[in-house]
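J.: Residue 65 in my numbering sits at position 65 of the sequence shown, and the numbers go up by one each step.
Quick caveat, the hints were computed from the structure, so don't treat them as lab data. There could be a bad hint or two in this list.
Unchecked claim - Within a straight-line C-alpha distance of at most 16 Å, the following computed EDC-like cross-link-like pairs (lysine to aspartate or glutamate) qualify: (1) Lys172 to Asp142; (2) Lys194 to Glu168; (3) Lys11 to Asp47; (4) Lys127 to Glu180; (5) Lys203 to Glu180; (6) Lys183 to Asp142; (7) Lys170 to Glu188; (8) Lys11 to Glu73; (9) Lys164 to Asp142; (10) Lys172 to Asp193; (11) Lys203 to Glu151; (12) Lys43 to Glu3; (13) Lys203 to Glu147.
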Amino acid sequence: MMEHVDTVNLKLTNNTALRTSKQRIIHEAMRADLRPLYPNATKLYFDIDTEHSKYSCKYLPLLVNLTKLVHLELSSFELVDWDKHLNRWKNQIGTRILQNIHLRSLLIHHKFNSLSRSLKVVETIHKLLPAHISYLQVPINDLNQIEIILERCHQLRCVLFEIKYCAEIKPKQVVQWFMENTKGSVSEIITNDKILIWIGRRKITNDEDISHKHKQMKLTEQK
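Starting from the given sequences, assemble the full structure and let the hints guide the process.
T.: Okay, here's the thing in structure tokens:
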């Protein structure tokens with residue numbers, strides 16, 4: 001029956017649920033020759049409180065095949081001891097997500113109490129974004145991060161930016177960035193910290209234009 005499950009909603013909020021889930025996951029995984037509990041799920045909604053988030057690194061891959069997901073939504077997701085568990089998150093979950101060529105939609109909701117920790121987490125999130133996604137919701141706290149995101153996610157069509165963590169940028173600055181650096185982008189300021197962007201074509205910079213013309217001249221000379 002588990003093979004036919006397409007959507008998984010996972011929420012761990014207390015010790016009882018955590019223990020029950022751990023026992024069931026281990027039991028089912030052993031019976032199925034270490035296959036995930038929901039091997040064919042394509043949508044995962046993962047809501048976990050900060051107290052138990054460190055367990056996700058170990059047990060989430062036993063729930064679903066991360067390389068088959070088409071839609072992934074992470075809510076209230078924070079590692080309590082971020083420095084301690086960062087490599088585990090990157091190696092056990094982040095790398096698998098990066099390798100997933102099927103993932104098209106990624107929504108990330110994060111809450112942090114520490115500004116220094118949040119800045120590090122935002123930077124790490126951006127480094128782990130898959131290249132093939134079309135739809136993205138992601139936190140930012142600096143305009144320069146927009147360029148990084150667009151370079152990584154070159155197939156991105158629509159993005160919802162959440163301005164977080166005492167950022168000094170405003171929604172209008174994000175809109176202005178897209179006006180200056182793209183053609184045909186459509187922006188909608190949803191709230192004071194959320195901006196929805198339908199991404200148009202990137203504008204060619206002077207350096208790129210010169211490089212393009214130089215290549216054309218070389219091709220002409222070769223003919």
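J.: Take the hints in turn and mark each one as holding or not.
T.: Cross-check of the supplied hints:
1. Lys172 to Asp142: Satisfied, since the Cα-Cα distance of roughly 13 Å is no more than 16 Å.
2. Lys194 to Glu168: holds, 14 Å
3. Lys11 to Asp47: The given pair, whose Cα atoms are some 5 Å apart, holds under the 16 Å limit.
4. Lys127 to Glu180: violated, 24 Å
5. Lys203 to Glu180: Between Lys203 and Glu180 the Cα gap is close to 8 Å, so the pair holds against 16 Å.
6. Lys183 to Asp142: Between Lys183 and Asp142 the Cα gap is close to 21 Å, so the pair fails against 16 Å, i.e. violated.
7. Lys170 to Glu188: Distance of about 13 Å is within 16 Å: holds.
8. Lys11 to Glu73: Status holds; Cα separation ~12 Å.
9. Lys164 to Asp142: Since the Cα atoms of Lys164 and Asp142 sit roughly 9 Å apart, the hinted pair holds (cutoff 16 Å).
10. Lys172 to Asp193: holds, 10 Å
11. Lys203 to Glu151: OK: Lys203 and Glu151 at ~13 Å, within 16 Å.
12. Lys43 to Glu3: holds, 13 Å
13. Lys203 to Glu147: holds, 12 Å
The structure fails hints 4, 6 (numbered hints given earlier, in ascending order).
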